[in-house]
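*Asks:* Residue-level listing of the chains:
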Amino acid sequence: METGAVTDRTPDAVTDPVQVEAVVDRAAGAVVDRVTPRRGRPAQVGRPGRPVEPGPAVELTGVTKVFNPGRPDEVTALRGVDLTVGRGEFVSLIGPSGCGKSTLLRLVADLVPATGGTVRVADRSARQARRELAYGIAFQQAGLLDWRTVTRNVELPLELRGLSRRDRRTKAREMLDLVGLADFAGHYPDQLSGGMQQRVAIARALAVDPPLLLMDEPFGALDEMTRERLQDELLRICAGKGTSTVFVTHSIPEAVYLSDRVVVMSARPGRIVEIVDVALGERTEATRQSNAFFAGITRVRQALRGTSPEAPA
Amino acid sequence: MPGLGRGWRRRARVAVGTLGAVLLGGLLWEGYKAVGDPDGSTLFGVRLLPRADDAAMPHLGEILGRLTEPELAGGEPVGLVVLRAAGFTLRAVAVGFAVAVLVGGLLAVLMQRFRVAERGLLPYVVLSQTVPLIALAPVIAGWGGQLSIGSRPWQPWMSVAVIATYLAFFPIAVGLLRGLQSPAPIAEELMRSYAATWWHTLLKLRLPAARPYLFPALRLAGAAAVVGAVVGEISTGTRGGIGRLVVEYAREATTDPAKVYAALLGAALLGLVVAGAVGLAELLLTPGRRASTR
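Protein chains in written order, with the numbering used here: chain A, 898 to 1210; chain B, 840 to 1133.
Worth double-checking, as some hints may not be accurate.
Cross-link-like lysine to aspartate or glutamate pairs, in silico, EDC-like; alpha carbons within 20 Å at most [claimed, not checked]:
(1) B:K872 with B:D893
(2) B:K1043 with A:E1179
(3) A:K1138 with A:E1029
(4) B:K872 with B:D892
(5) A:K1138 with A:E1179
(6) A:K1138 with A:D1120
(7) A:K1068 with A:D970
(8) A:K1138 with A:D1087
(9) B:K1043 with B:E1028
(10) B:K1043 with A:E1056
(11) B:K1043 with A:E1130
(12) B:K872 with A:E1130
Rather than coming from a laboratory, the hints here were simulated on the basis of the structure.
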């Protein structure tokens, strides 16, 4: 079999494990140093400038979430969810619509309270972690305040933290440099493209140097090219800062490309059916064509297929 | 600087437009007067178009000319009397409007903060506007007569200001409430994720987001304050203001029709002053680039 032909295939085409095997060896040799090396397993992550705290970034134990309990429209969004996200780890949540992956993220963010079980963020309760600004969050819509310039949007969380004007400016500038928008600091959100707005939202989420980043389909509304570029930027930033990340997505390739582990969920009630380990190592141009990437996609897809009502579980 | 040039061009366009609108109004007046039936047009006994004779519609020149002529033989010019009366009423309008902003603003914030308050108060806020002003004015004037602010006795113009407030707080309360509720849920969640206090959320998110709702409401409230003050003066019988002047001059309408129109110009001037003040506030409180678009 010719390897060149295989690398050109779309992810959907690679389902045969033998084919996948064949390409793995080749891809492994073609590693280019593009993206900063990522930490593999969480425990050994040491963030520069921040004392290394013990314990996982996120720990969910037996978490249950019921909306409208006791009413006719009662919905069990999550049941018996156990999940641990290590420090510096990148974990994606994927599953069909209504599987509660966004709810799970919002539980960690303490935007909704859990009905049962415990949610711990950096060894604290989710509520305390929120109060201490222990995480940054970004949603599918950028959610920028349209009366504020790009800089002032990034400064918002810093303002609420009581930083001085000067410190805010410096930090916002640094963050905008990071997402490549330094030239647009004085623009208003409606003067930017969707992708640029999303980058501002990410800069804003990162401005407080959160040890944990929570992202709810942040690239969902973007075109494929912008999306891939932002994925690489996100990986670079998270690796550089040692940020732990929980990332909700609908896209299997996105989940596999970004993550150390992909959490596959099923709906009604929402629960975790499988956690797929992905070890792509350093991401390069070649990664998106690598066998390891396709193999990961296949495993996640199989796990997902098991969850859909049409196929036998 | 090209930006400055564009700004001036825009301002020039606005000025030309305003002037054109005034001219057009004058032309319509004089045009109708020229072609209209002096006794008005009636159809089956119903008057469809007003009379166009000199008693009902004096020439514009005559109205403007009347401003410079003495009120009565040997008295002050009408223009001066009208200006002084407008100044008197402006005090009640300004105080009434300011109190309305305060009361309406507090009500809106209260209703936004507490859902219970919204459910409990909003019906009364709406109901308050259905009470006829003419019925209310004597009551307010009566209460006022028994009040005093410290050692200073209650002035009649204060009753007028209260009536202006009564009319003007409504659009502010309703408009601002809508504006405070306008931020997207995602923006509110964002503030929650920052552990922002209610006060911070109000200052950084709700109030700025409410601006597009607030300024139209303020314009309405300004007009309502003027109407409230003029009608308030008439129905409480307060002397010295433009409302009283309109009534007095209207009595002479058959012999001196231009005079009552001169007084109406004074009321219109009040409206312009208030609208101008709101416009200025909007200019100052909206980030520069966007003032023109909203």
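*Asks:* If a hint holds in the structure, say so; if it does not, say that too.
*Replies:* Now the hints, each set against the structure:
{"no.": "1", "hint": "B:K872 with B:D893", "result": "holds (9 Å)"}
{"no.": "2", "hint": "B:K1043 with A:E1179", "result": "violated (41 Å)"}
{"no.": "3", "hint": "A:K1138 with A:E1029", "result": "holds (19 Å)"}
{"no.": "4", "hint": "B:K872 with B:D892", "result": "holds (7 Å)"}
{"no.": "5", "hint": "A:K1138 with A:E1179", "result": "holds (16 Å)"}
{"no.": "6", "hint": "A:K1138 with A:D1120", "result": "violated (27 Å)"}
{"no.": "7", "hint": "A:K1068 with A:D970", "result": "violated (46 Å)"}
{"no.": "8", "hint": "A:K1138 with A:D1087", "result": "violated (30 Å)"}
{"no.": "9", "hint": "B:K1043 with B:E1028", "result": "holds (13 Å)"}
{"no.": "10", "hint": "B:K1043 with A:E1056", "result": "holds (10 Å)"}
{"no.": "11", "hint": "B:K1043 with A:E1130", "result": "violated (29 Å)"}
{"no.": "12", "hint": "B:K872 with A:E1130", "result": "violated (73 Å)"}
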